[in-house]
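Q: Next come the chains, spelled out residue by residue.
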Amino acid sequence: MDHNRDPTPGIQGHFHLPRSNGDQQGAFTLDAKLDLPGTGVTGIFGPSGSGKTTLLRCIAGLQSCKNASLSVNGETWQCSSKRVFIPVHRRPLGFVFQQPSLFAHLSAGKNLEFARKRAGEAVSDSDFQKIIELMGIGDLLSRGPESLSGGEQQRVAIARALLIKPRLLLMDEPLASLDQMRKREILPYLEKMHRAFDIPILYVSHSVDEIARLADYLLLMEEGKVIGEGKAAALLSREDFPAQLGDDLGVLLEAKIAERDDQWKLLRAGFEGGALWLRDGGEPIGESIRLRVLARDISLTRSEDTASSILNRLPVRVQEISPDRDPAMVLVRLKPLSDEGNENTSGSTRLIARITRRSLHQLSLVAGSELWAQIKSVAIVR
Amino acid sequence: MLSDTDLGAIWLTLRLATTVTLLLLVLGTPLALWLARTRSIFKGPVSALVALPLVLPPTVLGFYLLIFMGPSGPMGKFTEALGLGTLPFTFWGLVVASLLYSLPFVVQPIQNAIEAQGPRPGEVAATLRSGPWDSFWHVTLPLAKPGLLTAAVLGFAHTVGEFGVVLMIGGNIPGETRVVSVQIYDHVEALEYTQAHWLSAAMIVFSFAVLLLLYLLQQRKSAVGLRYGS
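So the protein lines, in turn, are chains S and G.
The first sequence begins at 1 in my numbering and counts up by one.
The second sequence begins at 1001 in my numbering and counts up by one.
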């Protein structure tokens, strides 16, 4: 194998694909410039129809794009000005489609063999076993795709993409066609894969949950354009994070497990500006975790409501009130009182609550009001 | 029972149908693939040409083939220049005529089977480093197997059943162009109803058996039965 690569690692390129009316995906002009890290998971995030999938298909070479350039960790895959276009089947990539796409005429095992035979470099038996174990599909190999559940099919498809020994793994909403149960079933496999293989992954999704759990770096798209990019944790907590998130709007908190309450099976996770109680999922004390608190899961009270079933109550101060896309709702940005000494705004913790305009009026909230924030649920995303 | 001439006609018919089916699978598959994948403006005209034998009276096709392959037709001149003589009233003349006559019955099921796959299997194969040729042999064709099977059976059965074209282009030469359908016609003309019965009954049993086999095979393979033209 040729390992003398260009000294510029990462994924650089641009794609300009004019809208075409004949194309069902062509409601927008794709105009994206990329400069992404060449390692870890990069989430490509945006609402449906924002061009995420089209961008991924362009990167794979599945969608032809006349005005484009792309280099992946120093290798040029495409450059329209130099008339370079490496066809899909010569690009060292793996692709996981949204719909499980096993070959119907081959058993699960034969699907894997199909990839193994064509892999860029020999796949040793131990590698083969490792991938099968990682995806938990050892018992499925003799079965035909039609007898597998959607989640099982997708796990086989992911294993198949890994067996090709890709130098870039592209995943197009691999969980979108699955129900909530199956998503929960697959996410841990994706996280394991992320840790077990040192392959850069581009992960398209419109689910903040998946992105928050998996992505290290984030690319935001809207109407065919890149509207923001950066480290996932920073970007996901930014208050100007796209408001189209609606119900999914929230903040990410970097926290550490501080205490275990064995009697009530709870964990206390401390973060800058407070602590939250969580259900005990077995995380060891001292482990760093990423928490997500959704704006819709925060309610506000004037005084502390100790007679409530809600476990997590934080004293906060209103910092800013801004309109929501929904005219009945407003977004209230809050800062925990215990964090007020911390003037370093970049590191300070903020919460966002999404409440009705009527509640805002009834509580007569203004910037500076002191309140209690009741947090109904907290999700550990990593 | 069946006479020697009857058996000769049966043998000739099977030979003709087998030859035509094999040739049509080889020639029809690339054509079906092209029709299924192309966005060319010629797709419409070519599809119409392929389907033409479905609607034309066989005598029309036979008539023009007779002229085309006859001594003064372009193909006749060509085959004579090659020293092959002219094709009408020969076995190979029948083969050529049957190729055209049965073409839609082979091309359309294969085309449907490939179109039904959609672009996805090809895209998946490409992302698994499978080039176009590899992908055709190991993905497109195996996935189109039910369509190929349907095409083969329909092509075979349709060639066995043809009459008008044979009469126009082949005439009635024992061992050369006298196929079963023509033989039955001869028996009836000669009022040999017993002979006609035997041969006709044999045709019915044979056709039924072939179709039954096809349905059983397809049912085992998948829940999808034989669907021609859907």
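The hints are simulated quantities; they were obtained by calculation from the structure and are not laboratory data.
What you are looking at is a predicted structure, and each value in this text was computed from that prediction instead of being measured.
Careful: at least some of the hints might be erroneous.
To be verified - Result set (BS3-like, lysine-lysine): computed pairs, CA atoms no more than 27 Å apart in a straight line:
{"no.": "1", "chain 1": "S", "residue 1": "LYS130", "chain 2": "S", "residue 2": "LYS183"}
{"no.": "2", "chain 1": "G", "residue 1": "LYS1043", "chain 2": "S", "residue 2": "LYS117"}
{"no.": "3", "chain 1": "S", "residue 1": "LYS183", "chain 2": "S", "residue 2": "LYS256"}
{"no.": "4", "chain 1": "S", "residue 1": "LYS130", "chain 2": "S", "residue 2": "LYS165"}
{"no.": "5", "chain 1": "S", "residue 1": "LYS82", "chain 2": "S", "residue 2": "LYS110"}
{"no.": "6", "chain 1": "G", "residue 1": "LYS1145", "chain 2": "S", "residue 2": "LYS110"}
{"no.": "7", "chain 1": "S", "residue 1": "LYS231", "chain 2": "S", "residue 2": "LYS265"}
{"no.": "8", "chain 1": "G", "residue 1": "LYS1043", "chain 2": "S", "residue 2": "LYS66"}
{"no.": "9", "chain 1": "S", "residue 1": "LYS130", "chain 2": "S", "residue 2": "LYS66"}
Q: What hint numbers does the structure not satisfy?
A: Of the numbered hints, 2, 5, 7 and 9 do not hold.
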